[in-house]
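With the hints as extra help, turn the sequences into a complete structure.
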Amino acid sequence: MREKIIELQNITKTYDNGFTAVSDFNLYVKRGEFITFLGPSGCGKTTTLRMIAGFELPTEGKILLNGKDIANLPPYERPINTVFQRYALFPHMNIYENIAFGLRQKKMSEDVIKKKVKKVLELVDLEGFEKRSVATLSGGQQQRIAIARAVVNEPEILLLDEPLGALDLKMRKEMQLELKEMHERLGITFIYVTHDQEEALTMSDTIVVMSKGKIQQIGTPEDIYNEPKNAFVADFIGESNIFNGIMTGKLKARFGGGEFECVDDIEEGTLITAVVRPEDVIITTPQEGTIRGTVTSVIFKGIHYEIVVESGKNEMVIQSVRAPKVGEYVGMKVDPDNIHIMIAEDNTNYFMVDINSDHRLEFNGKILDTSVTKIIKGSRRLENGSIADSAGEVIDPQRTKISAAIHPRNIQMTDDISAGNVDGYISNLIYKGDHYSYVIHTDLDQDFIADDEYLWNMGDHVGLIMPVDKMTFKLVRK
Amino acid sequence: MHALKLTRKSLGIPYALFLLLFVAAPLIVLVYYAFTNGQGQFTVSNLTGFFTDPNTLGTLCYSFAIAVTTTVVCLLLAYPTAYILAKSNFKRKSVVVMLFIMPMWINFSLRITALKEILTLIEGNLAYYPFLNAVIGMTYDFLPFMILPIYNTIVKLDESLIEAAKDLGADERSAFFKITLPLSVPGIVSGIAMVFLPAMTNYVVLDMLYNSTYIMGSLIGSYFAAYNWHGGSMIALILLGIICAFTLATKGMEDEDGSAAGGALL
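Quick mapping for you: the protein sequence lines, in order, are chains D and L. Take 1 as the starting number for the first sequence in the working numbering and just add one per residue. Take 1 as the starting number for the second sequence in the working numbering and just add one per residue.
If you are wondering where the hints come from, they were derived from the structure by calculation, not from laboratory data. Heads up, a few of these hints could be off.
Capping the alpha-carbon separation at 20 angstroms, the derived lysine-lysine pairs in PhoX-like fashion look like this [to be verified]: (1) 474(D) to 374(D); (2) 366(D) to 474(D); (3) 116(D) to 131(D); (4) 106(D) to 178(L); (5) 131(D) to 118(D); (6) 178(L) to 107(D); (7) 229(D) to 212(D); (8) 178(L) to 131(D); (9) 30(D) to 68(D).
Written as structure tokens, this is what we have:
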């Protein structure tokens with residue numbers, strides 16, 4: 001096995017304002033690998049890259065380069081070079097000066113520099129451009145000069161921060177292949193950052209999927225695509241149909257309104273999440289289909305048709321080269337191989353509830369319509385007004401808290417902010433076939449998960465009504 | 001009677017009149033007087049006279065020396081200030097910049113009188129160090145004009161350029177001299193233009209400090225006070241010529257946005 005060139009151990013980055021951009025990040029990269037950090041905006045991928053480059057210092061953790069901890073080394077002492085998102089070419093220098101900059105810092109002789117610059121310009125297909133000024137180049141050309149400027153220093157690791165973001169589609173696809181070729185030719189380790197999953201799947205040896213500062217999954221492009229480890233990865237990579245379901249027997253699962261044969265041997269009765277790619281759904285006659293439904297939309301996308309079939313409360317998105325007619329009643333079936341089953345994440349919400357001086361339960365400034373004695377089994381009120389638990393010990397409001405739990409399906413989302421136990425803004429949503437699963441971020445810096453049939457928008461301000469009788473409680477002594 | 005058509009051209013008429021009355025006409029008058037003598041005849045004696053009279057020539061050089069020194073002092077004081085301010089992380093940077101500009105809201109004559117008192121307190125008699133006092137007075141007046149364009153240029157510098165330099169092996173010092181400094185030159189040029197030119201023609205500073213005719217501005221004043229319109233006009237024209245030459249020389253090197261922002265604050 002190739003040796004590890006760089007290893008990130010327990011890397012965490014928290015900013016002064018309390019925001020944690022990266023949390024407990026653990027990863028090793030093999031020499032010569034092309035590895036990509038993939039994730040939506042704000043997931044921490046660029047922050048991690050900048051920590052490897054040296055522009056940010058990790059709050060915790062170690063970065064080992066060939067075994068040595070470089071976490072506190074300034075960027076100019078690391079054998080690592082970066083290709084920036086907006087190229088960052090020096091406007092007051094011509095192309096030759098730009099590329100020669102790093103070599104000059106290393107105090108090489110002019111002859112050697114001249115040869116190296118010429119060679120690297122050949123590599124990026126821009127021979128003869130030495131005397132040109134930066135402003136006269138197109139976006140794609142500037143991009144290649146930025147790459148040349150980094151690569152000419154022969155770094156151990158090349159970092160690329162969404163370098164193709166500013167290019168048009170055709171140019172981007174060309175550059176993707178060129179970068180892959182360059183990687184193979186030079187043999188340098190590439191660490192690439194992007195939010196474009198197609199780009200990641202095309203170029204990488206390994207993909208690290210990130211969300212909210214944490215690693216969601218690490219694997220080869222095929223692994224990530226075919227075997228996503230959780231709903232986030234399944235939703236982010238490629239188009240997916242995601243359903244909540246349950247195992248109904250050996251290699252049998254019920255979801256989407258039908259019972260399917262699958263290849264995952266999970267215990268009967270386990271709640272599961274099933275993922276089916278749109279291109280794996282076969283449209284057939286209603287009799288032959290495992291589930292049936294009506295076609296509600298057919299859109300031509302060039303390479304295929306995008307077809308939506310509604311069956312009962314469920315919606316299935318299908319990609320096919322042949323399209324049925326809108327309104328047609330069809331059957332759908334899926335090869336067991338193409339159904340990916342994951343054990344359902346326990347999305348129960350946990351939060352802390354206070355006991356106030358009147359021995360009433362308080363959450364977010366509002367009194368809950370119940371009492372300590374009702375929710376804690378075996379507790380009773382004493383003569384002096386305080387409350388004792390089942391073991392007879394007095395419950396001290398100051399030193400005891402109650403841990404409450406409520407399931408997403410029992411939370412009701414509402415426009416009326418004041419009606420809810422707590423309120424917040426929708427920060428994420430995933431479609432689960434017959435309902436949406438929302439993540440709501442509150443002022444108390446907590447995230448709640450709520451399920452709702454209806455479509456709310458990202459960023460909506462919602463109130464969450466949490467019926468007390470649907471909560472479960474546990475006593476927690478400090 | 002036809003209604004006045006509000007075309008774009010016709011909207012320009014008021015400004016054209018203004019230019020004619022307050023810019024073109026005085027200039028024509030100036031040129032007329034500069035090239036004529038007391039009898040109304042055309043002559044270049046005013047021009048030659050200026051450059052042969054040691055008094056007037058001396059005044060020109062003295063003005064020049066004061067202006068250059070003031071400019072250099074302002075640059076040396078303003079650049080570090082502007083740099084530190086631009087790179088700082090204050091939440092309300094613009095407020096701090098305002099603090100530097102605020103003295104200008106107080107009438108300059110008042111400020112220079114106050115400065116006169118302070119300098120007299122320190123030196124005893126202002127006449128001992130005329131050059132130094134002139135430079136101090138002008139620096140006091142013009143420093144914000146140097147700080148502002150430099151600050152604006154540095155603050156707008158792309159941070160990733162510095163990061164790229166460090167990424168390629170340059171330490172903080174190297175990155176400053178190779179990237180920040182060269183790229184802040186437009187701001188420096190703007191600042192120099194905004195200090196040097198007024199310093200060359202400044203009249204009030206020395207007048208209030210000394211009541212003297214050591215510099216160009218006061219020289220013109222003294223000529224006119226003696227009713228020598230021709231000589232005075234020629235001096236004014238020469239000054240105008242120097243300014244034009246300087247402006248043409250630095251054309252294109254200025255940071256237009258920076259000085260515009262500075263001007264807007266005034």
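Structure-based check of each hint:
1. 474(D) to 374(D): holds (12 angstroms)
2. 366(D) to 474(D): holds (19 angstroms)
3. 116(D) to 131(D): holds (15 angstroms)
4. 106(D) to 178(L): holds (15 angstroms)
5. 131(D) to 118(D): At roughly 12 angstroms apart (the allowed maximum being 20 angstroms), residue 118(D) and residue 131(D) satisfy the hint.
6. 178(L) to 107(D): At roughly 15 angstroms apart (the allowed maximum being 20 angstroms), residue 107(D) and residue 178(L) satisfy the hint.
7. 229(D) to 212(D): Holds, because 16 angstroms separates the two Cα atoms, which is no more than 20 angstroms.
8. 178(L) to 131(D): holds (19 angstroms)
9. 30(D) to 68(D): Given pair residue 30(D), residue 68(D) holds - Cα atoms ~15 angstroms apart, limit 20 angstroms.
In this structure, every one of the numbered hints holds.
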